[in-house]
Amino acid sequence: MTETLDPRALVDALFILVLAAFVGYEVVSKVPTMLHTPLMSGANAIHGVIVVGAMLVAAASDAPVAIGLALIGVTLGTINVVGGFVVTDRMLEMFRGRPDDKK
Amino acid sequence: MIDPGPLTIGVYLVAAVTFILALKFLASPRTARTGNLLGAGGMALVVGWTFATTEGMLDHLWIVAVGGVVGSVIGVIGARRVPMTAMPQMVAIFNGAGGGAAAVVAVSEFLTATGGMESSLLGDLVTFIFPPDLLPASFMIPTLLGAVIGSVSLTGSVVAFGKLQGFIAARPVTYPGSRIVAGLLLAALLALAVALTVVTNDRALFLGFVLLALVAGVLIVMPIGGADMPVVISLLNSYTGIAVAATGFVLGNYALLIAGTLVGASGAILTQLMCRAMNRSILNVLFGAFGTGGGATVAGAAGEQAVRTINAEDAATLMAYGKSVIIVPGYGMAVAQAQAPVRDLMDLLLARGVDVQFAIHPVAGRMPGHMNVLLAEANVPYERLKEMDEINDDFVKADVALVIGANDVTNPAARTDTTSPIYGMPILNVDHAQNVIVLKRSMAAGFAGIDNPLYADPKTAMLFGDAKDTVQAIVAGVKAA
Numbered sequence: 018m019t020e021t022l023d024p025r026a027l028v029d030a031l032f033i034l035v036l037a038a039f040v041g042y043e044v045v046s047k048v049p050t051m052l053h054t055p056l057m058s059g060a061n062a063i064h065g066v067i068v069v070g071a072m073l074v075a076a077a078s079d080a081p082v083a084i085g086l087a088l089i090g091v092t093l094g095t096i097n098v099v100g101g102f103v104v105t106d107r108m109l110e111m112f113r114g115r116p117d118d119k120k
Numbered sequence: 019m020i021d022p023g024p025l026t027i028g029v030y031l032v033a034a035v036t037f038i039l040a041l042k043f044l045a046s047p048r049t050a051r052t053g054n055l056l057g058a059g060g061m062a063l064v065v066g067w068t069f070a071t072t073e074g075m076l077d078h079l080w081i082v083a084v085g086g087v088v089g090s091v092i093g094v095i096g097a098r099r100v101p102m103t104a105m106p107q108m109v110a111i112f113n114g115a116g117g118g119a120a121a122v123v124a125v126s127e128f129l130t131a132t133g134g135m136e137s138s139l140l141g142d143l144v145t146f147i148f149p150p151d152l153l154p155a156s157f158m159i160p161t162l163l164g165a166v167i168g169s170v171s172l173t174g175s176v177v178a179f180g181k182l183q184g185f186i187a188a189r190p191v192t193y194p195g196s197r198i199v200a201g202l203l204l205a206a207l208l209a210l211a212v213a214l215t216v217v218t219n220d221r222a223l224f225l226g227f228v229l230l231a232l233v234a235g236v237l238i239v240m241p242i243g244g245a246d247m248p249v250v251i252s253l254l255n256s257y258t259g260i261a262v263a264a265t266g267f268v269l270g271n272y273a274l275l276i277a278g279t280l281v282g283a284s285g286a287i288l289t290q291l292m293c294r295a296m297n298r299s300i301l302n303v304l305f306g307a308f309g310t311g312g313g314a315t316v317a318g319a320a321g322e323q324a325v326r327t328i329n330a331e332d333a334a335t336l337m338a339y340g341k342s343v344i345i346v347p348g349y350g351m352a353v354a355q356a357q358a359p360v361r362d363l364m365d366l367l368l369a370r371g372v373d374v375q376f377a378i379h380p381v382a383g384r385m386p387g388h389m390n391v392l393l394a395e396a397n398v399p400y401e402r403l404k405e406m407d408e409i410n411d412d413f414v415k416a417d418v419a420l421v422i423g424a425n426d427v428t429n430p431a432a433r434t435d436t437t438s439p440i441y442g443m444p445i446l447n448v449d450h451a452q453n454v455i456v457l458k459r460s461m462a463a464g465f466a467g468i469d470n471p472l473y474a475d476p477k478t479a480m481l482f483g484d485a486k487d488t489v490q491a492i493v494a495g496v497k498a499a
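Read top to bottom, the protein sequences are chains A and B.
Using my numbering, you'd call the opening residue of the first sequence number 18 and step up by one each time.
Using my numbering, you'd call the opening residue of the second sequence number 19 and step up by one each time.
Just chain B, same shape as in the assembly (with noise of 0.2 angstroms):
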């Protein structure tokens, strides 16, 4: 390849600059989107470059003007049509997508360098230079960082993308022995790793390595429950950033190597941020096999919780007679797409001088942030959400908490019940506040597949139904009071 010119240097350079900018400023609300449309400025830059001064690009037009029309309109449509609520899976098939564009990069050059698909210039260059014609280390190691690194992301992000889209089940699928596979697939992949940098470069060899590690990303994944999807996502993007910045490697590329080692490592500390939320380690979250584990608290109880139930008008009441209520929302709201009536009933509370807050749990709802995307969708205003931390110790003068669809971050059994898989993680203090009600679809149990002791105590009534149709009728209620 030929040594990159100064110009294309530069290109990369601003483009560089341009992601740590956009990155930076993804991380304040007030300059957020000015930081991603910088960001795919600085994209369409370098994109813009390469194919303008590639050498040979206009002989293969074809091909990026083939898999750009298609991955763009496959792209904008899934962007555009998902539903709020299924965001987060839809981050995740992006995510996977450039997983396995990495991991194709990866095989190409492998493919190239070991003598071409047919015979390449470059191969017989590669081979003439190093006469052992073993590739250096120096070659065949982010060679399969990439490779394997970007199959696993690719793979580990469709299941993930399957278990939050119902296709796969969401509750963490083992079975015994579950871990000594994973471990022996690990050794695999590392013997064929060292074996095809020290030992030969063969090609069945390399896509057996590839082929394992779409199978490991599967394995890792499938353990994990919905619950602690965001944090696998968050963590395969990372991934994905390595990979890619693997590939730069390989390329001789700055432009890659700079940005899959940024994403590389702001996804390592997003995930860490995620994992401190929920007070969990990310090893905890990898190999906890959360909500398999054995103790009372797991559900198959529930059911046999004796629960106080409460009708929409008596609902409405309370809270209409009240002093200050506080909303807790959770994914039951987004799933119901309830946001919009639960917004009239801020502003009737609101006109009625009832004190309204909502109480966001960092992991309410699937992704953080998740809820606050959702209510700033209904025109909530923004100073009227709070965060875990600042609204804790209202909950006691609250005369009515009200939770939608929140189920785990509201479980008081994370305070007190060492045996509860959910112990330690910080929680809104629901159960302080002066009267609760819950509502839920039905008696399930939440994301993380337990029991939920708040039901049970005797402040807490329950709500059940769609939660958009429930607060319709409180709603309606309210105006009625």
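The shape of chain A in the complex, shown without the other chains (with noise of 0.2 angstroms):
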């Protein structure tokens, strides 16, 4: 799990931090101020993929501590991501059904 410990590894991941840093830049800079809720709660759902994270720690985990850990680490990503993702979608749910013709 220390892989980020080899120097080329350390690159690579500076690498795709820096460009995926400029892609959300990008990406998100023209929004109606309609929309800054919905995407907010939507960004935040994204977030929730630390629940992958959590899965791995719970993966090596052994000792009580740690798996205590996990399963807090666990609980509180799929929080994340499960009720980010559901909020998001009752937000835009909102939207449907009507004539989205203007803007």
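Quick caveat, the hints were computed from the structure, so don't treat them as lab data.
Fair warning: there could be bad hints in the mix.
[Stated by the list, open to error] Below, simulated BS3-like cross-link-like pairs (lysine-lysine); rule was C-alpha separation at most 27 angstroms, straight line:
| id | chain 1 | residue 1 | chain 2 | residue 2 |
| --- | --- | --- | --- | --- |
| 1 | A | 47 | B | 404 |
| 2 | B | 341 | B | 477 |
| 3 | B | 404 | B | 486 |
| 4 | B | 477 | B | 404 |
| 5 | B | 415 | B | 497 |
| 6 | B | 486 | A | 47 |
[Unchecked claim] Quick list of simulated restraints, FRET-style, between CB atoms:
| id | chain 1 | residue 1 | chain 2 | residue 2 | range |
| --- | --- | --- | --- | --- | --- |
| 7 | A | 49 | B | 194 | 20 to 30 angstroms |
| 8 | A | 24 | B | 99 | 42 to 52 angstroms |
| 9 | B | 407 | A | 36 | 26 to 36 angstroms |
| 10 | A | 49 | B | 441 | 22 to 32 angstroms |
| 11 | B | 294 | A | 24 | 33 to 43 angstroms |
| 12 | B | 102 | A | 39 | 29 to 39 angstroms |
| 13 | B | 70 | A | 24 | 29 to 39 angstroms |
| 14 | B | 95 | A | 23 | 41 to 51 angstroms |
Computed from a predicted model, the values in this text were never measured in an experiment.
C-beta: ideal position from N, C-alpha, C; glycine also.
Got two chains here, separate frames each, mind docking them using the hints?
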């Protein structure tokens, strides 16, 4: 789990970080105000990917403390990812079924 | 850890593309819902793949099963049951959960790397490779970042939730010397971070670091007023993204790294957009302690203003025989769930040939887009909802501006009174209308905690009461007119 200690992997990761930051910035730089909240909520759901990290921790856990932490991590991560997508969908449901010809 | 195989990398790549497209689609009304579903699909893929292919996952099946089921139940119930008015705090709490998860992952990795929680092969390996038995900075820096930012996001989001939900005073909470305390805390965090990176990997010190970060989250959000919570939630959302990206470094996991960075960056620009809508800087939001500032306009003088009141029948008559009515909805409409009667009022007025438009301030309600969502729910046609810039010049021509539970966004003091805490914030030109009718529960000050001179304007008439009741009374009045 300490792969980043490898200098080559570290450089790769830094590249990805910088490029992803630009993509994230560009992709939402023009948003109508009415979509600010759903967009924030959708982005919130996407960082729920932390549940994957928590699962990896869980898979490697042995001692009680580790298991306890993993359990908390997986639970919190799942709340984030599941709740995030469901609540975003609920917000966006409101925009459905109407003529969205304008804007 | 085993090198991720090419298939895993492929899965991560697909997921990364869906996340980018999800954000892109979410930025446009037509595609927003598809975007969200696409993001959820990508997420399901990467979670499912991780579950199916990670070594040791089956031995720890119960952890993932229990955590997954409990988390899903809480998430779905929370997301489904929450009333539309409480959406913002729900987003806050989900965000806090993500921040907490990131912090937990960082803590786990640190404990594992410092010798494991029992004996860990990995810990031994690390100490074997790096003899001075100090973990390398390339591990410690992202670990510390993930722990500190995740923790701040967790407790900060909980406080934001509490403020919006009313568990904690929505007003800025400050005390003498609060800035000094905050400064000391920041210095302590920084000192500990440096010590943990270059001097010692002591576990007690690390846990102290995490505890301080948890306290910092509370201290950062407490002094910020409820009106600014949307910005704070957006900022904390961005923070969680950064924390997730940091844990991506720690775990050497590209899915976490990419998704976290995407959210960190898009959350940052979104926060900036929200601030711009209020004509404030992010520093001003964070350190301004909005609503406690001095000046004659601060609430307390409220109620001493001489105001004119009007009854529902007269208000109805004024609108029914006017040519043009602009409705200005605000948080009061959301709280009272008055959107359905508001729609009835619109239908009746339109049937009488009165032009009805809605003026939506960018920060009306407690979240940008809050009013659009509520009115859409009540089937108010999208084309009747106008953004501030679109409609501000039309107020002059409007016979009646009907303000429903909006306060600060109509406050003319923002234009003229340099001592007002909201000076410079763009507002709706409600006071330019021929008549202004304000539906309000009481003379209490708005969320920003300041007086509104609009109410003392001779053109303005107040109609006190629950917005739903008063709008229904107006609807009855228009029917009778």
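Going down the list of hints, with the structure as the test:
no.: 1; hint: A:47 with B:404; verdict: holds, 18 angstroms
no.: 2; hint: B:341 with B:477; verdict: holds, 17 angstroms
no.: 3; hint: B:404 with B:486; verdict: holds, 22 angstroms
no.: 4; hint: B:477 with B:404; verdict: holds, 23 angstroms
no.: 5; hint: B:415 with B:497; verdict: holds, 24 angstroms
no.: 6; hint: B:486 with A:47; verdict: violated, 35 angstroms
no.: 7; hint: A:49 with B:194: 20 to 30 angstroms; verdict: violated, 43 angstroms
no.: 8; hint: A:24 with B:99: 42 to 52 angstroms; verdict: holds, 49 angstroms
no.: 9; hint: B:407 with A:36: 26 to 36 angstroms; verdict: holds, 34 angstroms
no.: 10; hint: A:49 with B:441: 22 to 32 angstroms; verdict: holds, 27 angstroms
no.: 11; hint: B:294 with A:24: 33 to 43 angstroms; verdict: holds, 40 angstroms
no.: 12; hint: B:102 with A:39: 29 to 39 angstroms; verdict: holds, 34 angstroms
no.: 13; hint: B:70 with A:24: 29 to 39 angstroms; verdict: holds, 31 angstroms
no.: 14; hint: B:95 with A:23: 41 to 51 angstroms; verdict: holds, 43 angstroms
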